[in-house]
Amino acid sequence: MDALALEATGNKRVANGAVVPAPLPVQAQSKRKPAKKTKKAVVFFEVEILDAKTKDKLCFLDKVEPNATIGEIKSMFHKSHPQWYPARQSIRLDPKGKSLKDEDVLQHLPVGTTATFYFRDLGAQISWVTVFLTEYTGPLVIYLLFYFRVPFIYPPKYDFTTSKHWVVHLACMCHSFHYVKRLLETLFVHRFSHGTMPLRNIFKNCTYYWGFAAWMAYYINHPLYTPPIYGEQQIRIALIIFLFCQIGNFSIHIALRNLRPPGSKTRKIPYPTKNPFTWIFLLVSCPNYTYELGSWLGFTLMTQCLPVAFFTLVGFIQMTVWAKGKHRSYLKEFRDYPPLRSPILPFIL
Amino acid sequence: MSAAASGTSKAAHGDVAAKRKKGPGALATAYLVIYNVVMTAGWLVIAVGLVRAYLARGSYHGLYYSIEKPLKFFQTGAVLEILHCAVGIVPSSVVLTGFQVMSRVFLTWAVTHSVREVQSEDSVLLFVTAWTVTEIIRYSFYTFSLLNHLPYLIKWARYTFFIVLYPMGVTGELLTIYAALPYVQKTGLYSVTLPNKYNFSFDYYTFLILIMISYIPLFPQLYFHMIRQRKKVLGHIEDYGKVE
Numbered sequence: 000m001d002a003l004a005l006e007a008t009g010n011k012r013v014a015n016g017a018v019v020p021a022p023l024p025v026q027a028q029s030k031r032k033p034a035k036k037t038k039k040a041v042v043f044f045e046v047e048i049l050d051a052k053t054k055d056k057l058c059f060l061d062k063v064e065p066n067a068t069i070g071e072i073k074s075m076f077h078k079s080h081p082q083w084y085p086a087r088q089s090i091r092l093d094p095k096g097k098s099l100k101d102e103d104v105l106q107h108l109p110v111g112t113t114a115t116f117y118f119r120d121l122g123a124q125i126s127w128v129t130v131f132l133t134e135y136t137g138p139l140v141i142y143l144l145f146y147f148r149v150p151f152i153y154p155p156k157y158d159f160t161t162s163k164h165w166v167v168h169l170a171c172m173c174h175s176f177h178y179v180k181r182l183l184e185t186l187f188v189h190r191f192s193h194g195t196m197p198l199r200n201i202f203k204n205c206t207y208y209w210g211f212a213a214w215m216a217y218y219i220n221h222p223l224y225t226p227p228i229y230g231e232q233q234i235r236i237a238l239i240i241f242l243f244c245q246i247g248n249f250s251i252h253i254a255l256r257n258l259r260p261p262g263s264k265t266r267k268i269p270y271p272t273k274n275p276f277t278w279i280f281l282l283v284s285c286p287n288y289t290y291e292l293g294s295w296l297g298f299t300l301m302t303q304c305l306p307v308a309f310f311t312l313v314g315f316i317q318m319t320v321w322a323k324g325k326h327r328s329y330l331k332e333f334r335d336y337p338p339l340r341s342p343i344l345p346f347i348l
Numbered sequence: 000m001s002a003a004a005s006g007t008s009k010a011a012h013g014d015v016a017a018k019r020k021k022g023p024g025a026l027a028t029a030y031l032v033i034y035n036v037v038m039t040a041g042w043l044v045i046a047v048g049l050v051r052a053y054l055a056r057g058s059y060h061g062l063y064y065s066i067e068k069p070l071k072f073f074q075t076g077a078v079l080e081i082l083h084c085a086v087g088i089v090p091s092s093v094v095l096t097g098f099q100v101m102s103r104v105f106l107t108w109a110v111t112h113s114v115r116e117v118q119s120e121d122s123v124l125l126f127v128t129a130w131t132v133t134e135i136i137r138y139s140f141y142t143f144s145l146l147n148h149l150p151y152l153i154k155w156a157r158y159t160f161f162i163v164l165y166p167m168g169v170t171g172e173l174l175t176i177y178a179a180l181p182y183v184q185k186t187g188l189y190s191v192t193l194p195n196k197y198n199f200s201f202d203y204y205t206f207l208i209l210i211m212i213s214y215i216p217l218f219p220q221l222y223f224h225m226i227r228q229r230k231k232v233l234g235h236i237e238d239y240g241k242v243e
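In the order they appear, the protein sequences are chains A and B. Numbering that gives the first Met the number 0 applies: residue 0 is where the first sequence begins, and numbers increase by one. Numbering that gives the first Met the number 0 applies: residue 0 is where the second sequence begins, and numbers increase by one.
Accuracy of the hints is not assured; some may be wrong.
Subject to a maximum C-alpha distance of 30 Å in a straight line, what follows is the list of computed DSS-like cross-link-like pairs (lysine-lysine) [said to hold, decoys possible]:
| no. | chain 1 | residue 1 | chain 2 | residue 2 |
| --- | --- | --- | --- | --- |
| 1 | A | Lys52 | B | Lys230 |
| 2 | A | Lys54 | B | Lys231 |
| 3 | A | Lys267 | A | Lys100 |
| 4 | B | Lys196 | A | Lys97 |
| 5 | B | Lys231 | A | Lys52 |
| 6 | A | Lys54 | B | Lys196 |
| 7 | B | Lys68 | A | Lys95 |
| 8 | B | Lys231 | B | Lys68 |
| 9 | A | Lys156 | B | Lys196 |
Note that these hints are calculated values from the structure, not bench results.
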């Protein structure tokens, strides 16, 4: 889903969490001219890194530039402990405190010239992009396996047959379109603020997406599938809703991407643009989720399939949790955040 | 029977110490005491009912019928405990409590009540007995903890009896579900087949088999969690020489 699209940082390509450090040129510039070295001495920092749990001294770095970033310190730490690449390092001021950001600068932190940091291993990490591509390719392929009725799913006499209901073909197109759109957005639209996530997430996420895709696809493409009660009328309305929300969702993703031009780190409130599909920003903080819900409601109506309704419901619950969190952080960060907005459903939720 | 370790009685809840979150207020405490006393009494009624029925009949068989109603009532009543966690007056995880309570309710209603033929099985007595003894100890444990006068015996019992009762209960449960399988398959109980306008199907028989399989990963985890809790709660008092 699109929690990260809202973060829309992505200044550097942090696909593996390895921040591209730029210390050397800065070093050369910020230091005084060599001739005046003795007059304006640079105070180097010393950095010691302790294990947050055992308090063992893991690493000692001397002669660290005061304007070094946490990201650079992580790279240095990685050199002495090659198994802990920067993406899996959590560096904090307090063993139980929050992680420091890669962009934080050493001298701006509340530390003395000998800084003590605590390290926690975040575990094996995997990049967001990898997770997204994997979790979205699954449903695309799996649904098609059911659509083409490959053997061992349905009774053998139905192998490689096609459904006689045209809504089943339409549903396949919509479902496939949806996941192709997601894959393309992952590759070309989204800007991820965090490079990585814990490795175990890929198993959890894939189980969710792939499992539900198989469950839905089984019934929609079943030889005994029953088309919607209200026939063509119902399917037409459903398709309109689905397409409208797909365009809407895409518009929001583009709007969020454009919020932050590449390279900058400013966080801005998203506002409606010339695109009418973004006018929903007037009422909602996370309209990408609103549109996503709408798409799946459309798909549920189109297929009249209870498992699809379940999938929509579970997705809605998860997106509401994310939307509320995002809404809360917007409110915390911006004094002038528009009061009319709700997290995900206008005026309701 | 000294009220030793009264200070740790809250921590011995087995979960997050009540001290870390705001504990229940006076009203909530009073309510919880009443709740736990009522539940203790209820399960005692079931225990007594079992003993009396056994003495009257002279055999272990078919005792379920004599305690069917109080069992359903008090086991279903435990659903309130999920609410207690959700509202925050009990410092346990809603998900964990929900899972535990719903699995009991499932066995009571969706298996034993629904499949009449298994009600005369001995496996039912096995898990009902395990549940009864466990719950009497558990609810009195909570009652005394809330009143800050926890007798060591109750604490010891809570963290020791499970060693036998838990496997006993699980065995009874699994055997009962297994006994229900043929009847469920034959009658298609709670099952939905295609075609239908919701394009949905559900096979209760397969579902029960999956439930049985789920015991394999779940039971050891819960069992060893209790064993670890036991070491933590009883270890420092019982055996000073014991080193982790």
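Hints and how they fare:
Taken as a hint, the A/Lys52 and B/Lys230 pair is honoured in the structure, with Cα atoms around 22 Å apart against an allowance of 30 Å. For the hint linking A/Lys54 to B/Lys231, the alpha-carbon distance of about 24 Å falls within 30 Å, and the restraint holds. At roughly 19 Å between alpha-carbon atoms, A/Lys267 and A/Lys100 fall within 30 Å of each other, so this suggested pair holds. Taking the CA atoms of B/Lys196 and A/Lys97, the gap is about 51 Å. The hint is violated against a cut of 30 Å.
With a C-alpha separation of about 20 Å, the suggested pairing of B/Lys231 with A/Lys52 holds against the 30 Å cut-off. The hinted pair formed by A/Lys54 and B/Lys196 fails the criterion: a straight-line CA distance of about 62 Å is larger than 30 Å. Pair hint B/Lys68 plus A/Lys95 does not hold up; C-alpha atoms about 50 Å apart against a cutoff of 30 Å. For the given pair, B/Lys231 sits about 38 Å from B/Lys68 by alpha-carbon distance, which is inconsistent with the 30 Å threshold.
In summary, the hint linking A/Lys156 to B/Lys196 is supported, as the alpha carbons are separated by about 23 Å, within the 30 Å threshold.
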